[in-house]
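A.B. asks: Protein sequence lines correspond, in order, to chains Z and A. Sequential numbering from 0 applies to the first sequence in numbering that gives the first Met the number 0. Sequential numbering from 0 applies to the second sequence in numbering that gives the first Met the number 0.
Just so you know, not all the hints are guaranteed correct.
[Stated by the list, open to error] Okay, derived cross-link-like pairs now, SDA-like style, lysine to any residue, Cα gap no bigger than 25 Å in a straight line:
(1) K125(A) <-> R169(A)
(2) K93(Z) <-> L90(A)
(3) K94(Z) <-> L90(A)
(4) K53(A) <-> R108(Z)
(5) K125(A) <-> L90(A)
(6) K53(A) <-> Y260(Z)
(7) K11(Z) <-> N72(A)
(8) K94(Z) <-> K13(A)
(9) K33(Z) <-> M130(A)
(10) K263(Z) <-> T60(A)
(11) K27(Z) <-> V274(A)
(12) K263(Z) <-> S55(A)
(13) K211(A) <-> V28(Z)
(14) K26(A) <-> N7(A)
(15) K127(A) <-> Y260(Z)
(16) K27(Z) <-> T42(A)
(17) K133(A) <-> S34(Z)
(18) K93(Z) <-> T43(A)
(19) K53(A) <-> L91(Z)
(20) K11(Z) <-> I89(A)
(21) K11(Z) <-> G107(A)
(22) K94(Z) <-> D65(A)
Bear in mind the hints are in silico, worked out from the structure with no lab data behind them.
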Amino acid sequence: MGRESYGFQGEKMNNLKGIYALWYREFKVFVREKSRLGFSVINPLVWLLVVGGGLGSVVSISGVNYKTFIYPGILIQSVVFSSIFFGVYIILDKKIDFLKEVLVAPISRTAMFVGKVVGGSTDALIEIVTLLVIGYILESMGILTGVSINFVSGIVSLGFLLTTTVAMVSLGLIIGSQMESTEGFQLVASFLLFPLFFLSGALFPITNLPSWLSPIVLLNPITYSVDGLRGVLIGISKFNIGLDFGVIGVFALITISIGTYAFKRMEV
Amino acid sequence: MNIIDIKNLTKKYKEITAVDDLNLQIKEGEIFGLLGPNGAGKTTTLLMLTTLRKPSSGTATINNFDIVRQPDNVRKSIGIVFQDPSSDEILTGYENLKLHGLLYGMPGDLAERRIKEVLELVDLTKRKNDMVKKYSGGMRRRLEIARGLMHHPKVLFLDEPTLGLDPQARGHIWGYIKKLAQEERITIVITTHYMDEADNLCGRLAIIDKGKIIVSGSSRELKKKFGGDIVRLKARNLNISALKKLKYVNKVEKRDDEVSLTVEDTNEHLQEILVLVGKVESVEVHSPTLDDVFIHYTGRTIREGAPEGGWAEKAMAFRAKR
Numbered sequence: 000m001g002r003e004s005y006g007f008q009g010e011k012m013n014n015l016k017g018i019y020a021l022w023y024r025e026f027k028v029f030v031r032e033k034s035r036l037g038f039s040v041i042n043p044l045v046w047l048l049v050v051g052g053g054l055g056s057v058v059s060i061s062g063v064n065y066k067t068f069i070y071p072g073i074l075i076q077s078v079v080f081s082s083i084f085f086g087v088y089i090i091l092d093k094k095i096d097f098l099k100e101v102l103v104a105p106i107s108r109t110a111m112f113v114g115k116v117v118g119g120s121t122d123a124l125i126e127i128v129t130l131l132v133i134g135y136i137l138e139s140m141g142i143l144t145g146v147s148i149n150f151v152s153g154i155v156s157l158g159f160l161l162t163t164t165v166a167m168v169s170l171g172l173i174i175g176s177q178m179e180s181t182e183g184f185q186l187v188a189s190f191l192l193f194p195l196f197f198l199s200g201a202l203f204p205i206t207n208l209p210s211w212l213s214p215i216v217l218l219n220p221i222t223y224s225v226d227g228l229r230g231v232l233i234g235i236s237k238f239n240i241g242l243d244f245g246v247i248g249v250f251a252l253i254t255i256s257i258g259t260y261a262f263k264r265m266e267v
Numbered sequence: 000m001n002i003i004d005i006k007n008l009t010k011k012y013k014e015i016t017a018v019d020d021l022n023l024q025i026k027e028g029e030i031f032g033l034l035g036p037n038g039a040g041k042t043t044t045l046l047m048l049t050t051l052r053k054p055s056s057g058t059a060t061i062n063n064f065d066i067v068r069q070p071d072n073v074r075k076s077i078g079i080v081f082q083d084p085s086s087d088e089i090l091t092g093y094e095n096l097k098l099h100g101l102l103y104g105m106p107g108d109l110a111e112r113r114i115k116e117v118l119e120l121v122d123l124t125k126r127k128n129d130m131v132k133k134y135s136g137g138m139r140r141r142l143e144i145a146r147g148l149m150h151h152p153k154v155l156f157l158d159e160p161t162l163g164l165d166p167q168a169r170g171h172i173w174g175y176i177k178k179l180a181q182e183e184r185i186t187i188v189i190t191t192h193y194m195d196e197a198d199n200l201c202g203r204l205a206i207i208d209k210g211k212i213i214v215s216g217s218s219r220e221l222k223k224k225f226g227g228d229i230v231r232l233k234a235r236n237l238n239i240s241a242l243k244k245l246k247y248v249n250k251v252e253k254r255d256d257e258v259s260l261t262v263e264d265t266n267e268h269l270q271e272i273l274v275l276v277g278k279v280e281s282v283e284v285h286s287p288t289l290d291d292v293f294i295h296y297t298g299r300t301i302r303e304g305a306p307e308g309g310w311a312e313k314a315m316a317f318r319a320k321r
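The following block holds chain Z by itself, in its conformation from the complex:
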C-alpha cells in the first residue's frame, strides 16, 4: 500500500479545505462559549432600551421616536464592536503555539486570512439575526414603532450588516496580526472604535451637523453603513442606498487587501 506523504489534492482544494478548517474551529468554539453570544446581544439591547428609551421619552427625530431612530445604529455598533474584538483571538493563538500550527500548514496565507474572516463573520451573523428577530418582536409589541422588518428589508439589512462585519473583522485581524498583547490590542481597538461609533451618526442625524464635525463624519465609513441601514429599516437616509453600499463595500475590499498583506508578512 502506497503511503501518500504529501499533495493529497490540488492546491486550490487544499486552500478551500483550509478555509473550512478555520471556520470549523471558530464556529465550534463560538457555539461552546455561549456567553459570547449572550453578551453580544445583551449589550445592544441595553443601549437600545436604556439610552434609546430614556432619551426617547423626550426626543424624536424626523418624525420617529429616538429609540426607533437609533435601532439601525445600535445594530451597526453591535457588529462593529464584536467584529473588531474578534481580532483579539489571533493574539491568544499567538500566546500559545496554535497560530504556528496553522502557519506551518500547507495552505496559503490568503486562505488563512479568509478562513478567519469567514469564521468571525459567522459569529457576527448569528448575532445579527438574533438582533433582527428581537427588533421584529419589539416592533410587533409596539416598542419599536416605525421599524419595518420584512423579508426584503431583512435581506438588504443583512447585506449591509455583513459587509460591515467583513470590513471590521478584517480591521480587527489587521490589528491582531501586528500586536503581541491583548492589552495592547484593547487599547488600539478602543481608540479606533469610539470615533468609528460616535462619529457615524448612529446616535444623531447627520444632516445639519456643525461645519467642523461634518467632514469627520463623512470620512467615517461606518457613517454609510448606518445611513444605508437606517434607510432600509426606517426609511430615513441622507445618501442614496447605492452610494452607501458602494462606500462600505470599497472599505471592506481595502481592509481585506491590507489584512491579506498583513497575514503574508506575519512572522512568529
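Take the given structure of chain Z and dock chain A to it, following the hints.
C.D. replies: This is chain A only, laid out in the frame that chain Z set:
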C-alpha cells in the same frame, strides 16, 4: 540518504547571531537530537527548518525540497510538535485532529482512518471526545504528537517534547516516541536541553551552543571523545604533577581538596592511581554523561539558565485568559 541537509544556515537578529553557519546532515529514519542549553539556537533552527522563519543566509533541504524556495513542499513533508501547547482546548481531541486533517487537505476518509490510527498509537482513543482542557499536560502532548504524525510526514520535529512534564509523563512520552519511530518509520528530530532525554532517545545528536554545533555523533561516540571515565578523589596533599604525568590520565582538574581526573580504562588503572595519591577521603568513579561532554567543550553546564516558562504553566495561563 540524507533527508535533511543543512547548509550554512544562519539567523541574525539585530545584535545577536542566533544560529551561526550551521551545517548538518540527518539521515532518513534516524532519531536525531539537537541538544543544548536554553537560548542555544535550537528552536530558531527548528523554526527555520519548518519554514516559519526565514534564514538570514544559508539554507537547508528537507525531503529534497529547499526550505527557502519550496516552503509549501517542505510543509507537506513535515510534522511538528511545538514547544508550547498548540491545540485548541475548547475543541475535543478528535476535533483538533479533524482540523489538522483539513488544514493538510487530507481526504475525509483517509483523515478518519489516520485519526483512528494515531489516537490508538498514543492511547487516547477513549478520551477523544473530551475537550482538550480536560486533558493533563502529558495527554495534551500526546495528542499533539499524534496530530503531527497524522498526515504521514517524512520528518517529525519535536521541540522540547517533555518540557514541563512530570517524570512519569516524560517516561511515557519517551515510550511513545520510540514506538512511533518503529511503527511509522519516519525521521524524528528532537530538540531538548535534557541530557537524559537525548541519551535515551536519539541515535545521533549534535550538541549546540551559541548557535554553533560543538560536536556531533552518537551518544557513545561523544562520551568516548571525552577520553575516559571521570574519577573524583578527595584527599589532602594531592600530588597533582605526578598524576598529570600518568599516560592514561587525560585531564586533571583541581578544586579545593578535590581533584577530578579523566581516566582511560579505569578498571585497570584505578589501583595505581590510588597507590600514587596515598590516603584518600573518598573516591568516586562514573562514566561521562552528556553533561560532562558539554562542560568539556564549553566550560559550562547545560543546566545553566533554567527553562523559562514551562509548557504546563503557559497552558494554564492561556486557560485563565480565554
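A.B. asks: Run the structure past the numbered hints and jot down the numbers of the failing ones, going up.
C.D. replies: Checked against the structure, the hints that fail are numbers 11, 13, 15, 16, 20, 22, while the rest are satisfied.
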